[in-house]
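J.: Now for the letters of each chain:
Number of protein chains: 2
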Amino acid sequence: MPTSSLFVAQVSSGCNSCEETFRHPSMARLMLLTDVGQAPIRSVDPRTGEPFGPSFADATVEDVKQVVGYAGAAARELQGLDVGTLAEGLDRAADAVDAASHELTRLADRETALGVDRLTGEVARTTGQMRMFAALIRDGSHLDVVRSKLPEGAPARTLLRMNLPIGVVGVFAASNFPFAFSVAGGDTASAIAAGCPVVVKAHYGHPQTSQRVADLLTEAFAQAGLPEHVFQLIHGGNETGRDLVGHPELAAVGFTGSIAGGRALFDLSARREAPIPVFAEQGSLNPVVLAPTALEDPQSVASALASSITLGSGQFCTKPGLILLPSDYETTFVEALRSRVEETGPHILLTEKIFDGYRAALDRIGQVLGVDVWTGDYNAEGFSVPAAIIRVDQATLASNDELMTEVFGPATVVVSVHDVAGLQELLGSMGGHLTGTVHGASQDPWTRAAVSGLAPVVGRLIYGGVPTGVAVDIAMHHGGPYPACTSVQHTSVGTAAIRRFLRPIAYQDMPTELLPTVLTELAL
Amino acid sequence: MPTSSLFVAQVSSGCNSCEETFRHPSMARLMLLTDVGQAPIRSVDPRTGEPFGPSFADATVEDVKQVVGYAGAAARELQGLDVGTLAEGLDRAADAVDAASHELTRLADRETALGVDRLTGEVARTTGQMRMFAALIRDGSHLDVVRSKLPEGAPARTLLRMNLPIGVVGVFAASNFPFAFSVAGGDTASAIAAGCPVVVKAHYGHPQTSQRVADLLTEAFAQAGLPEHVFQLIHGGNETGRDLVGHPELAAVGFTGSIAGGRALFDLSARREAPIPVFAEQGSLNPVVLAPTALEDPQSVASALASSITLGSGQFCTKPGLILLPSDYETTFVEALRSRVEETGPHILLTEKIFDGYRAALDRIGQVLGVDVWTGDYNAEGFSVPAAIIRVDQATLASNDELMTEVFGPATVVVSVHDVAGLQELLGSMGGHLTGTVHGASQDPWTRAAVSGLAPVVGRLIYGGVPTGVAVDIAMHHGGPYPACTSVQHTSVGTAAIRRFLRPIAYQDMPTELLPTVLTELAL
Chain R
52 MPTSSLFVAQ VSSGCNSCEE TFRHPSMARL MLLTDVGQAP IRSVDPRTGE PFGPSFADAT
112 VEDVKQVVGY AGAAARELQG LDVGTLAEGL DRAADAVDAA SHELTRLADR ETALGVDRLT
172 GEVARTTGQM RMFAALIRDG SHLDVVRSKL PEGAPARTLL RMNLPIGVVG VFAASNFPFA
232 FSVAGGDTAS AIAAGCPVVV KAHYGHPQTS QRVADLLTEA FAQAGLPEHV FQLIHGGNET
292 GRDLVGHPEL AAVGFTGSIA GGRALFDLSA RREAPIPVFA EQGSLNPVVL APTALEDPQS
352 VASALASSIT LGSGQFCTKP GLILLPSDYE TTFVEALRSR VEETGPHILL TEKIFDGYRA
412 ALDRIGQVLG VDVWTGDYNA EGFSVPAAII RVDQATLASN DELMTEVFGP ATVVVSVHDV
472 AGLQELLGSM GGHLTGTVHG ASQDPWTRAA VSGLAPVVGR LIYGGVPTGV AVDIAMHHGG
532 PYPACTSVQH TSVGTAAIRR FLRPIAYQDM PTELLPTVLT ELAL
Chain S
52 MPTSSLFVAQ VSSGCNSCEE TFRHPSMARL MLLTDVGQAP IRSVDPRTGE PFGPSFADAT
112 VEDVKQVVGY AGAAARELQG LDVGTLAEGL DRAADAVDAA SHELTRLADR ETALGVDRLT
172 GEVARTTGQM RMFAALIRDG SHLDVVRSKL PEGAPARTLL RMNLPIGVVG VFAASNFPFA
232 FSVAGGDTAS AIAAGCPVVV KAHYGHPQTS QRVADLLTEA FAQAGLPEHV FQLIHGGNET
292 GRDLVGHPEL AAVGFTGSIA GGRALFDLSA RREAPIPVFA EQGSLNPVVL APTALEDPQS
352 VASALASSIT LGSGQFCTKP GLILLPSDYE TTFVEALRSR VEETGPHILL TEKIFDGYRA
412 ALDRIGQVLG VDVWTGDYNA EGFSVPAAII RVDQATLASN DELMTEVFGP ATVVVSVHDV
472 AGLQELLGSM GGHLTGTVHG ASQDPWTRAA VSGLAPVVGR LIYGGVPTGV AVDIAMHHGG
532 PYPACTSVQH TSVGTAAIRR FLRPIAYQDM PTELLPTVLT ELAL
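Chains as they are written, first to last, in my numbering: chain R, 52 to 575; chain S, 52 to 575.
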C-alpha cells in the first residue's frame, strides 16, 4: 500500500462494519473532509454564482508523492544555500507580485468579490511580508544562536544552539485572503525564509489567482538561483489534502480556515507514524466586552463595531462575533449598532459553501428559543446575504452551543449580562479565541473583570479598538488557545511566524569547519 | 459521564465488538498503557527483587478531578503573585532538598540501585536546576517582552507581546533519574518557574523517594507564600495517567520515558476535545559514527564508549545504542569495546518491567539471522543483567526493525558499513534521535557525511565525545525529531525548557494599569 493513501485507508478501515465508529468524534471530523473537491475545480463569480475560466484537476496520490519527493530533494539543496540568495528570492518574488498587482487584483476580485481596493491593499501587505522575512533572515536573529563555554568538569567544553529549517512544509491556503493568507501569503513567506521548501494546496475559491501567483513565484525563485521545487502549487480537494499531510517526508503544516478543517488536519497528523506539527489558525468568536463607562454614548463604539463586523462581508477570522454588555445598556446599543450596520453592504460571500453555511447557521439560531434575530436587506443574486444581529441573554447563550459557534459572514451575537459576576462566569467557561476586546475606563470593574477573564483565553487583547486589522509586526501574536489555534505557542502573523518552521539543534564541541556555513556568512 | 473518564470510555468504546479496532495502531498503543499499576504500588529493591515499605494507592478518577481542580484555582492565584515570591519558592525548595540529600540518596538507592554517589550528584543537579530557573525568572528574559509603536494608519497604535503561563501542567516522572527527571526535576522546576501549577504522577519505580521529595517541596512552597496546591503529587498506574491527561483543565504535559508511553499520552491528548501540547522526551538510539581517522588506535574511543554504554546500567536516554563504523575496522574495534565493557558492572536494572524488557529484547535480537550477540557476565540476583554487544552488517540492520529499536539497558548495536555511500543511505533512512555523535578528523569524508546526515535527524550533534552527560545550560537542546520527542521544537533540559510552559499574548493599545504587574515589578 503506498504510504500516501494510509489515512484514507484508516478512515475507512475495518471499522466500516461497526456503526459506532462513525459516532467517534474524530471520525466525524475526518468525514467532514469529503464534502468538497469531488468535481474538477473551477472559478465561480460570487456576484452571480456562475463558473468561469479553466478547470483545475485534483492532484492525485501519485502527483502528491512526486511533488513532496521533489520538495524533499530541495530541502537537502537548501542546506548548502547561502542566506543572501534565499532573501534575494523573496525580494524578487515580492517585486514580481507587485508588478502584476493590477492584473492580479482584477482576477481575484472576479473570483472573490472582495473588491479591487481591498485586494490592492492586500497585495501590498503580502509583498511587504515577503520583504520583511527577507530582511529578517539577512539579519540572522531568527536563528537564535546561543553559545556557551562550559565550566571545567562539565560533560562538554562548548555548546552552540541554533535553529535549523524544520523540513518540507505543506500550506493550506485560506479562502478569505486570496493573497495574504494564500499562495504567497505569510505561511509560504515565513517557511521559505526559514529554509523550508513549500507545497501549497490552493484554495478552490480562487484557483486562477492561485495559479497566476504561483507562476510568478516559481519564476522569481528560479531567477534568484533557489533550488528547483523550493515552491510548488497543487490543486485539489480533501483527498489531495489527506495525501499531502500523510506523506512521510512532510515536516509541518500551515493552515488558515475553519475549526472543522484545521482539526481534520490535526487529527490526520496525530495518526501519522511520526506526527508533525500542525499550525492551524482556526475559527474564533473574538469576544468584545463593553463596560458601562464605554456605553454612556453608544454611537462611536457601535459605529466602529458595525464596520468591523461587516468588513470583507464579515469573512475575517478576527470578526467580532460576540459582544457582551450590561443588560441596562443593551437596547440603546443594539439600536445604534443596527442603524450603522444598515448603512453597510452589499455582503457577498466568497463561495457557495460559505453562503450555504451562513444561511444554515442563521436558520438554526433562529430556531433557538429566546433568541431575537434581526437581518438587514440584501439582493438575491449570487452569494449575497443579509447582515444579522442576534440578541440573547446570558442564560440562553450558556445553554445553546450553537450560539457559541462562529458564523462566518456579517453576523454577530449580542449578549446582555446582568452583572460583573455574570461576566466573570461567562468568560471563565470560554474556550480559546484569537482576540478579545475591551471598551471601558481602566477603573471600571467591568473593564477589570474583562481583562483578567479574557487574558487566559485569547491570543491578543485589545483595548478600545476593534479586532479586525492584524498588524504585521515584530510584537504581533495572531494565535491563541484551542480552538482558535492547534498550537497555542505560535503566531501566523508577524516576524515570529517564522518560528513555526524552525527547530533547534545543539552542536557540542563541533569544529567551526563542520558547523553550518550560515554562521560564517552572517558572522554570528 | 464525568469528563475525566472520557478517554477510558473512548478506548473501550463501541468498537469493542469489532475485532479490527484492536489492530488500529493507535489503539494498540493505548492498550500498552494497561500493563502497569493494577496492584498497589510498592517499592522494590532491584538488588534482590524484594518489595519493601508502605503501599501507595492509585489516585482514582475522583482524586484526579479534585487535584486538577485545585491546581486550576492555584493557576488563578498565581496570576496575581509577584515573581520574587515564585523565585523564593524555588530557592527554598532547592535548599530543603539539598538539606535532605543524605537521607534521600540512601532511600533512592534502595529503590533504584543507582548508587549513592551517582544519586548525590543527581540531587545537586536537581537543586541547581531549581536555582537556575529562580534566577531566570528574576531576570524576566523568559517573558520575551517585545514592544512596538506602530506607524500612523496601522490598525493599532501600540503592541506589547509577552509570555503568559500556559496553565496547569501534568508531569509524568521518569524511572531512571529519581531526582533530576522526577518529582522535583526539570519539568516541575521549569513549569513552576513559568507560573504554572504542577501535578506530578510519581514513577512507580521510586514511590517513597517521590513522596518524600513532594513533602519537602510542598512545605518549602508554603513557607515562601506560594498558593496552596501549586504543586501536588499523585501515585497511580496508567488509568490515573489517562484521567490526568483527559482532565479539561490540564494545559500541557511533560513526560520522560519510552516511545510507547510518550506516544500513548500524545494520542490521548490528540483525542481531547481541546488537544494540549505533550512534551514527551522518548527513546533514542543516539547513533555514533566512527570515521577511519578515529579508528587508527581504537582503544581510547572504545574506552569512552564502553563507559557511556554502561553508565547507570545503560539506562540513559542518551546511551549510545548504535555504533556505525567502516567494515575494515570492525573486528579490532569490537574487540577493544568488549574488553572495556567487561571491566564494568554489575548492571542492575531499575524495575522488573525494564528487566523483563531487556531480556526479551536480547532474545528477539538473538533470533535474527546474521546477528552476533555477545553478553558479559552477571549474577542472577534481583534485576541484574549482562552487558551486550550486538554485531550486524548494514543489510541485516536495514531489514530488521528490531535492531533499530532502543534496548533500555547496557547493550549496543555495532554496525559495519561498507563505504561513505552506505553511511549516507543509512543515515538518510533514519527517524529522529536525541543525539548523534561523530568521531574523526574534520576532513575525513566519513566525518563530513556523518555531520550532514545526522544534523537533520538529531537534537544534539556531538563531536569527539559521548552522548551521555547532558549539560544544564542556556545553549543545551535536549530533544529532537520524532520519535525522540513529540515536540521537535522544545527542549527538556536547560533554561530553554521553560518555553514549553509559556505561551504568547499580544496586548494592543492596553493602558499600563491593565497590563500584568510583572512588567512593573521587573521594569520590563
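In case anyone wonders, no lab produced these hints; they're calculated from the structure. Certain hints may be false.
Which copy is meant is left open, because identical chains are indistinguishable; a pair holds if it fits in one copy or across any two.
SDA-like, lysine to any residue: derived pairs with alpha carbons at most 25 angstroms apart [said to hold, decoys possible]:
id: 1; residue 1: 200; residue 2: 492
id: 2; residue 1: 116; residue 2: 480
id: 3; residue 1: 116; residue 2: 263
id: 4; residue 1: 200; residue 2: 525
id: 5; residue 1: 200; residue 2: 493
id: 6; residue 1: 200; residue 2: 355
J.: Each hint: holds or not?
T.: Against the structure, the hints come out as follows:
Proximity of residue 200 to residue 492 under the C-alpha cut-off of 25 angstroms is restricted to the inter-copy arrangement: shortest distance 22 angstroms between copies versus 51 angstroms within a copy. Proximity of residue 116 and residue 480 under a CA criterion of 25 angstroms is satisfied inter-copy only: 17 angstroms between copies versus 44 angstroms inside one chain copy. Proximity of residue 116 to residue 263 under the C-alpha cut-off of 25 angstroms is restricted to the intra-copy arrangement: shortest distance 23 angstroms within a copy versus 55 angstroms between copies. For a Cα distance limit of 25 angstroms, the shortest separation of residue 200 from residue 525 across copies, 10 angstroms, qualifies, whereas the shortest one inside one copy, 30 angstroms, does not.
In this assembly of identical chains, residue 200 and residue 493 lie within 25 angstroms of each other by CA distance solely across copies; the values are 21 angstroms between and 48 angstroms within a copy. For a Cα distance limit of 25 angstroms, the shortest separation of residue 200 from residue 355 across copies, 22 angstroms, qualifies, whereas the shortest one inside one copy, 55 angstroms, does not.
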